[in-house]
Each structure stands twice: as structure tokens, then as C-alpha cells.
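Engineer: Residue-level listing of the chains:
Protein chains: 2
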Amino acid sequence: MLDVSGGWQRLGCVGEALSAAGKFSICIDHHPTGDPFTDLHHIDPQAAATGELIFDLIGAMGGDLTPPIAEALFTAIATDTGYFRFSSTRPRTHQIVARLLAHGVEPARIYRLLYEQQSLARMHLKGHMLQNISLAANGQIAWVGLSQAVLRRFGVSHLDLDGFSGLPLQIGGVKISIFLVELPEGKVKISFRSDGEIAVNRLAVQLGGGGHVPAAGATVPGELAAVTERVVAEAVEFLSRR
Amino acid sequence: MLDVSGGWQRLGCVGEALSAAGKFSICIDHHPTGDPFTDLHHIDPQAAATGELIFDLIGAMGGDLTPPIAEALFTAIATDTGYFRFSSTRPRTHQIVARLLAHGVEPARIYRLLYEQQSLARMHLKGHMLQNISLAANGQIAWVGLSQAVLRRFGVSHLDLDGFSGLPLQIGGVKISIFLVELPEGKVKISFRSDGEIAVNRLAVQLGGGGHVPAAGATVPGELAAVTERVVAEAVEFLSRR
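Protein sequence lines correspond, in order, to chains A and B. Counting from 1, position 130 in the first sequence corresponds to residue 130 in this note's numbering; the numbering is continuous, with no gaps. Counting from 1, position 98 in the second sequence corresponds to residue 98 in this note's numbering; the numbering is continuous, with no gaps.
Listing some non-contacts, in silico: residues in chain B with all C-beta distances to chain A over 12 Å:
hint, residue
1, GLY6
2, VAL14
3, ILE69
4, HIS158
5, LYS189
6, VAL232
Some chain A residues judged to face chain B by a derived CB distance under 8 Å, without partners named:
hint, residue
7, SER87
8, PRO107
9, ILE171
Covered stretches of chain A (chain B as the covering partner; in silico rule of three or more C-beta atoms under 8 Å from a C-beta of chain B):
hint, region
10, 73-85
11, 93-106
12, 113-121
13, 124-133
Since the hints were made in silico from the structure, they are not lab data. Think of the CB as a built atom: it goes at the ideal place given N, C-alpha and C, for glycine as much as any other residue.
Taking the hints into account, I'd like the entire structure generated from these sequences.
Structural biologist: Listed below in C-alpha cells is the structure:
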């Protein structure tokens, strides 16, 4: 088991089947929160990615770094570190990546495969979203909502909005970004992001959700307009109390 | 002189003054095209950034890597490699960056300062631009134009469109992206981008411009609509001839 120290349930029905099979199991992960649930476990919260630990494991076992293995490890590390930009990125991360590039990984090709395969519809929706970002709290909060009607108009599902939630944070001076998406069943999915200075998980907890300091969320019942008004007001109040 | 092996003229009026001063001069660069124009020169086209060469120079001179120096070198290398994604990025790049992080560079903070300080107006204009991307040549060409009227409406100058030209290339299947910006004086600035497979500089030369294989451009007189029609047609024809 890789990158799933939350337990078997993180693997859904696959986890159920594996757990029921009762075979010898190993968990390798860099997430700090998990309790041991496998026969053997190796958890290193200092690692920026589980890919770093697999790199070390291959070295310790005297294995070869073939080009496909190097490419897979590079991809695992690049995605888990937001392409080397998250604060988790450490000197060791770059040392490992240097070794992977020496084994033939082409960074430009992998970047293109990871981030430059969007559909025209998703691009148009992203444009619509960026055009509708609003500011609150003197520019410290940026928020934007997408309704079911808009998603239908662009032919994009709410499941295909990966990477959108952090976009309002690209505006200078913004400390909290709020991305609201109307779900089909009369609920609204809210994603909070911060630059790490503001603990948005505390804001998410107020709405029955949770998460990490820089990235948290909640799902609340209601219509998009009403939920947006309430959530933005709570965020403004939350920020003023600091 | 750093990163300017094209000659004194690359530095504009500063270059004129420096050249006229007749002092001893040194040029350090990683661009392959320049002829020597300084008393001493060190050109290494293998380096992904001139920042790599400065790192090596500090080491060779026995200098200290203070946190401000490490941060400046990290910034130079990160920007010149498109945050480690361009094909110029090599194992040595990551080895150097590992050393810089060990000297206290915070990658998340630098990323935020470099790329997440946009104005709301620029964000809205980016949204408008993404919403107006069109495809041609069965999805192999993506193009979008911005008129002077649109730039005025969003309160953004054509000088503030850094990083926009490559956005249409984020669409899967696109081989050439074309970004057209109407200039105040009845001309249109055209930027071509490709994933490196198609030599868009040859397309730019057809229009009196030039550039590199994956990034080239030209400036032609005319109105936006007419120029767009002509340029997209030329690009479609150019692609069909391959």
C-alpha cells in the first residue's frame, strides 16, 4: 500500500477486498497522520512524496533505475510537490530528481502530459470562472462560484474541476480563496485555500468540514447564491477576528 | 554582464553607456548564439540558467552562500527554467537547487512571489482570453486575439500580458498556439508557441519575424480581425505542408 496511511478505507472497495484477503501487507507513506494498519509499515513525514521513499527502497535493494521506473518516480514526486513548489519540497527531493533526470526523464514532456492536456470546454469554463472572481475584505478574500447551470452550459461535470480551487489565490494580497461549486443534489461544495498563514481548516470546521491549514473544505446544503453570501460573510468575520 | 551574450545592444541605453565607458568587462551567459563582445567571457550553453554559472563561480571563488544569495540564485534558475519544467533543466540544475534549499530557500514563498501576485484586472482579462480560444486544423491549432478595446475595458496594457501567449497550448492535441495582440499604432503582435515538435520560428519568418523552435513571433501592420484571419490560414497551411 502506497500513500494511504489513512487505513484500508482510503482504498474504497479495493481496500475492503485486500483487507479481507488477509495477506501479508506493507504500507509506505509520507503522510504523518496514519495509525499502523498493515503488517509492516514505513512512514516518513519528512519525505515530500512517497515516490522519494520508493526511490530509496530501490537503492537499498540494489535495484536498477530503468527509464520507465525513473519516469514513474519523477511523476509521483512532481505531482505530490505541485511540481517542486510546495513547502514540503526539500533538498533531498531535488537530489533524487537530479538522479532521475540522469536516467533519461524529460521534464518538459512529463509537464505537458500532466498539465497540458485540457479540453477546450474546460479551458472555456476556467475562463468563465476567472472572469467572475470577486474580492471581499479589502482584497484579502477572493471568491467565485459555479452553478450547475454554468457547468451544464460548458459541458463539464463538477468532478472535472481539479486544480480550479487555488486559482483565486494567484491574485496579489489575497489571503483566503473560496471556490464554491453547486452539486446536483441541492448542496454546495466549498473549497478554501490560503498561503499557509491563515488556517482555513478552522473556517471549514465552522461549516461542518475540515482539512489542512492551507487547504480545507466543506459541503453544505442550500442554493449557490444563499450559501455563497453566508460563507463569504463568515470568512470576512473569521479574518477580522485574527 | 549576465545573460546578455547578444551584445551591448541587449542592454539598451545602459549597454551604450557601459560600452562607451571602456572599462574592463566580463560576460557570463548560457545562451549559445552570442559572439564575444567583452574582455572576458564565459558562455556555457549546457547550463539551464546563468544562475547555475554564478553558483559555480561562487563555489570556485570560495564564497559563502548566504540566504539572500541562495534566494536570488534560486529565483534566477527557477524563472529561466519555467520552474524546472523546460527541457533545458538538467540533473545539475536540481543538484544546485538542492544546495540552495539547504541554505534556507523556501520554494513555496518564492513561487508565490513570482507567480501569484496578479491584479484582479489581469485575472479577469485572462478569463476573457481563455473563454475566447478557438481551434483550427482539427484541434491542432489554438488561437485567440485581444483587441485594444478589450485591453482598455479591462484596464490592462499590452505590456502586461507576460505569460499569456502559451496558455492555448495547455489544450490537449494542440501543436501550435497563436496569440494575437492589437497594438495602439495599427499593428498586431503575434506570438507562436509549440511543444517543440513544430518549428514555429519558420512560421514567424514567413511573417517577417523570427525566434526559437518552440517560441517565436512577428509584428505585422493591419487590423486585428484581418490579421487573425490571414495568420490562422497561414498556420493551417504551414501545418498541412509537414
